[in-house]
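Assemble the whole structure, with the sequences as input and the hints as a guide.
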Amino acid sequence: IIVINENRIIRLSPEEEKGRKNGGRVLEEASFIAGGNSIAGGPNQGTDNRLQNEEQIKLLIQYADANNLWWKDHDSLGTYIDHGDEQTVFARPEEMMVYKYNDMSFHDSCVEFFDRLAIHNYLYPEAYYEMLGFTYSKKDIFSIVVRQPFVVCDRGAYREEVIKEMAKQGYTHHGGTTFFDSNYIIEDLHPGNVLKLHNGDFAFIDPVIYLNTPDQDMGGSRQIGEY
Numbered sequence: 376i377i378v379i380n381e382n383r384i385i386r387l388s389p390e391e392e393k394g395r396k397n398g399g400r401v402l403e404e405a406s407f408i409a410g411g412n413s414i415a416g417g418p419n420q421g422t423d424n425r426l427q428n429e430e431q432i433k434l435l436i437q438y439a440d441a442n443n444l445w446w447k448d449h450d451s452l453g454t455y456i457d458h459g460d461e462q463t464v465f466a467r468p469e470e471m472m473v474y475k476y477n478d479m480s481f482h483d484s485c486v487e488f489f490d491r492l493a494i495h496n497y498l499y500p501e502a503y504y505e506m507l508g509f510t511y512s513k514k515d516i517f518s519i520v521v522r523q524p525f526v527v528c529d530r531g532a533y534r535e536e537v538i539k540e541m542a543k544q545g546y547t548h549h550g551g552t553t554f555f556d557s558n559y560i561i562e563d564l565h566p567g568n569v570l571k572l573h574n575g576d577f578a579f580i581d582p583v584i585y586l587n588t589p590d591q592d593m594g595g596s597r598q599i600g601e602y
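Just so you know, we're using our numbering here: the sequence shown kicks off at 376 and counts up by one.
It is worth saying that the hints were derived from the structure and are not from the lab. Hints may be right or wrong, so weigh each one.
Straight-line C-alpha distance at most 30 angstroms; calculated DSBU-like pairs for lysine-lysine [what the hints assert, rightly or not]:
#, residue 1, residue 2
1, 396, 447
2, 396, 433
3, 571, 543
4, 543, 396
5, 447, 433
6, 513, 433
Distance windows between CB atoms, simulated [said to hold, decoys possible]:
#, residue 1, residue 2, range
7, 548, 588, 16 to 26 angstroms
8, 448, 527, 25 to 35 angstroms
9, 526, 480, 22 to 32 angstroms
10, 589, 451, 40 to 50 angstroms
Where a beta carbon is used, it is the ideal one built from N, C-alpha and C, also for glycine.
Take a look at the structure:
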């Protein structure tokens with residue numbers, strides 16, 4: 376059951392939904408707009424994920440237009456420092472923040488990506504994401520603009536360190552950079568996304584997170600709206 380309450384859509388547990396709230400007003404509102412399209416009675420209920428996501432993007436474009444949430448000039452995001460398969464990263468040293476735009480290519484829908492941000496903020500609040508608005512990538516793909524605190528570290532974590540740390544947190548290593556427990560599947564835990572801090576702790580700055588639902592065939596039982 377997905378609950379709509381006071382212009383918020385509640386898809387996750389109360390603690391996970393606090394992560395959505397900590398992601399800022401834009402994340403909450405965008406989740407409500409995109410998430411409302413995926414509940415029973417939505418315009419594309421029963422259609423494939425691609426069509427449903429196209430409808431979500433149309434609604435989010437209208438939202439961005441109405442609220443002046445476009446970041447059309449990528450130079451305004453800061454100094455370019457890196458890019459990966461799904462996102463491009465910019466630094467603002469004067470703010471001790473990094474700004475990113477993500478094309479959501481690792482997800483079936485916008486709302487699934489928004490859930491990822493909420494869960495990330497719940498699991499890793501020291502590296503929380505705040506959603507700021509929208510842009511188009513250089514390949515003209517609809518993308519989400521976020522910012523995140525800059526994490527000062529010694530180095531990227533070694534694979535053996537990540538495996539040991541994730542086991543300590545109760546996760547099973549699925550192979551490569553993927554781990555899971557009954558609630559989550561966490562991927563892409565390479566040295567660029569897991570940092571070793573001065574005090575010996577680890578910071579998880581950009582893992583790819585999914586709910587471990589039964590259709591993932593990884594022993595999970597999570598359902599959207601049930602926890």
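A quick look at each hint next to the structure:
no.: 1; hint: 396 x 447; in the structure: holds (25 angstroms)
no.: 2; hint: 396 x 433; in the structure: holds (23 angstroms)
no.: 3; hint: 571 x 543; in the structure: holds (16 angstroms)
no.: 4; hint: 543 x 396; in the structure: holds (28 angstroms)
no.: 5; hint: 447 x 433; in the structure: holds (17 angstroms)
no.: 6; hint: 513 x 433; in the structure: holds (19 angstroms)
no.: 7; hint: 548 x 588: 16 to 26 angstroms; in the structure: holds (20 angstroms)
no.: 8; hint: 448 x 527: 25 to 35 angstroms; in the structure: holds (28 angstroms)
no.: 9; hint: 526 x 480: 22 to 32 angstroms; in the structure: holds (24 angstroms)
no.: 10; hint: 589 x 451: 40 to 50 angstroms; in the structure: holds (43 angstroms)
The structure is consistent with each of the numbered hints, conforming to all of them.
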